[in-house]
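Chemist: Residue numbers (numbering that gives the first Met the number 0), protein chains in the order written: chain G, 0 to 308; chain U, 0 to 308.
Treat the hints loosely; a few may be bogus.
What the hints assert, rightly or not - Here are the computed lysine-lysine pairs in the DSS-like style, where the Cα-Cα straight-line distance is at most 30 Å:
#1 G/131 - U/34
#2 U/276 - G/128
#3 G/276 - U/201
#4 U/31 - G/129
#5 U/128 - G/128
#6 U/308 - G/131
#7 G/181 - U/181
#8 G/229 - G/305
#9 G/226 - U/181
#10 G/31 - U/275
#11 G/181 - U/201
#12 U/181 - G/201
#13 U/275 - U/308
#14 G/276 - U/128
#15 G/31 - U/201
#16 U/59 - G/275
Don't read these hints as lab results, they were simulated from the structure. In this text, all values refer to a predicted model and were calculated from it rather than measured experimentally.
There are 2 protein chains.
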Amino acid sequence: MIDRLIDRIIELQNPTCVGLDTNFDYLPDDMKMDKSGDEITTFETATERITEFNMNIIDKICDIVPAVKVQVAYYEMYGYEGLKAFDYTLNYARGRGMIVIADCKRNDIGSTASCYSKAYLGSTCVNGKKIKSFPADMLTVNGYLGSDGITPFVDDIKANDKSIFALVKTSNPSSGELQNLKLENGEYVYERMGALVNEWGKDTVGKYGYSEVGAVVGATHPEEAEKLRKQLPNTFFLIPGYGAQGGNAQMLKVCFDSHGLGGIVNNSRGIICAYKKPEYSGMNYYDAARAACIAMQQDLQSAIGKMGK
Amino acid sequence: MIDRLIDRIIELQNPTCVGLDTNFDYLPDDMKMDKSGDEITTFETATERITEFNMNIIDKICDIVPAVKVQVAYYEMYGYEGLKAFDYTLNYARGRGMIVIADCKRNDIGSTASCYSKAYLGSTCVNGKKIKSFPADMLTVNGYLGSDGITPFVDDIKANDKSIFALVKTSNPSSGELQNLKLENGEYVYERMGALVNEWGKDTVGKYGYSEVGAVVGATHPEEAEKLRKQLPNTFFLIPGYGAQGGNAQMLKVCFDSHGLGGIVNNSRGIICAYKKPEYSGMNYYDAARAACIAMQQDLQSAIGKMGK
């Protein structure tokens, strides 16, 4: 799946991923009302509106953006009805030709990780009948438990042409508390995690030299990102932190190789809430989202240059 | 909530938690058929049967076991219908007076962690109306992202009388790859995580001396568990790994203090699949589950002794 993502990045000259972190509060006021003009106050109707919002954005960006990242926490907070909207959104984006990253940061011991892998990257058997649960192309995972918690995902990656991204150096301010601890051999914890990620993916390197086991590396930490790019030439980066979190194109260009490849940059609120910004005033949310995607593409192109050989 | 859990452990003289990791495959053959005798082959019907199985077990153990731990991965693999069964199971167990641990190992940056916290420990607002999502009393989390990824959970703990357990030293064979790395100051990564857990919980210490921010410490690693018990006198342990994973009562007794308190021991397959063991042959699954709980209680009592002052 990593080759398909990179193909699409080159085709569109756009290493952007739109984060559908769709809080009901982000919706325009008219979408917060039901047909009779009353305020929506149930998960069932709220999540229908969230799905509608996502679909309209997907329709408007699918020809210029290669991927969406759907952050499951924003759906879990609406209970199982939220998960229904999550499922529908993944399916819809795939139907429109987008690559779908389920941002779930799942992690557990082997037998349980195997259930998570079935849920997102494989399928679940019921009396021998295989059924798909949440249809993702790529999944984020957390490797704190070590290799036997990741192996089940790697097996499904190989069997079903999928990818994962493991947390290495996250974009949040406190990420250093664990990740930047220095080990007795002089290495940092995030570098050790990076080495494990490289090991997990080494049998899955594709035509661009990148493996199916990528790393989450925040745009907000350029020093670490630069070291990781050198340490991990075969590891593709999922790069959060652009925009609202303070990362910018100049900070994150260190994540890319000499061919302008090696990463995909996520932006969530900066796109889906663009309609609230003064520069897009008067536009509806999906047109504003498209305009914000084009502005982001230009910003990234100016820092990274042409993508592909 | 930690005081309520310890009260109940003392009352029942039982520091056991039953893990409802209910794979459809674990069900007795007659529960895998529908009313007309055909094999069930949909998530909808499969998850109805999983719920029924859980309810019958809960009914049979709620007077002798203080808590259940519901592992969400086993529900996510059945899609959003699985999450409906998860939700129903949490509600049912609480209704029967059990303390409910949602084993989700959630983790993300602050704004997203806040969504997860709403989902399990708080409530979600829709146009100002607060609605409960998944009604847990306690939640497992993963602290790899550091303090700002945990703070949202701690806020909800304080506001809503809940608890969390953060992964410190997990029960799986590869847990040492990250967790047992030695830092330049001589500390191990799991000890540093333990120190953070102590810090996160320090304002929430209850009447037994334990805080609302507990630690996951595997029964399979007694050496680390013993060190952690000494390092963290105010941290309550959720102890997986008993039974199927190889941990036993002698190995895990180091997790308990001189009053026989300080931890709760989880057993999943050893209880819910007890009916498949030779020693319970001829019993139905819920009677076998109860018998296995009693055997486990006796095993733990023989190692730990009387619970409470």
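Chemist: Tell me the numbers of any earlier hints that the structure contravenes, in ascending order.
Modeler: As far as the earlier hints go, 3, 5, 6, 10, 13, 15, 16 are violated by this structure, in ascending order.
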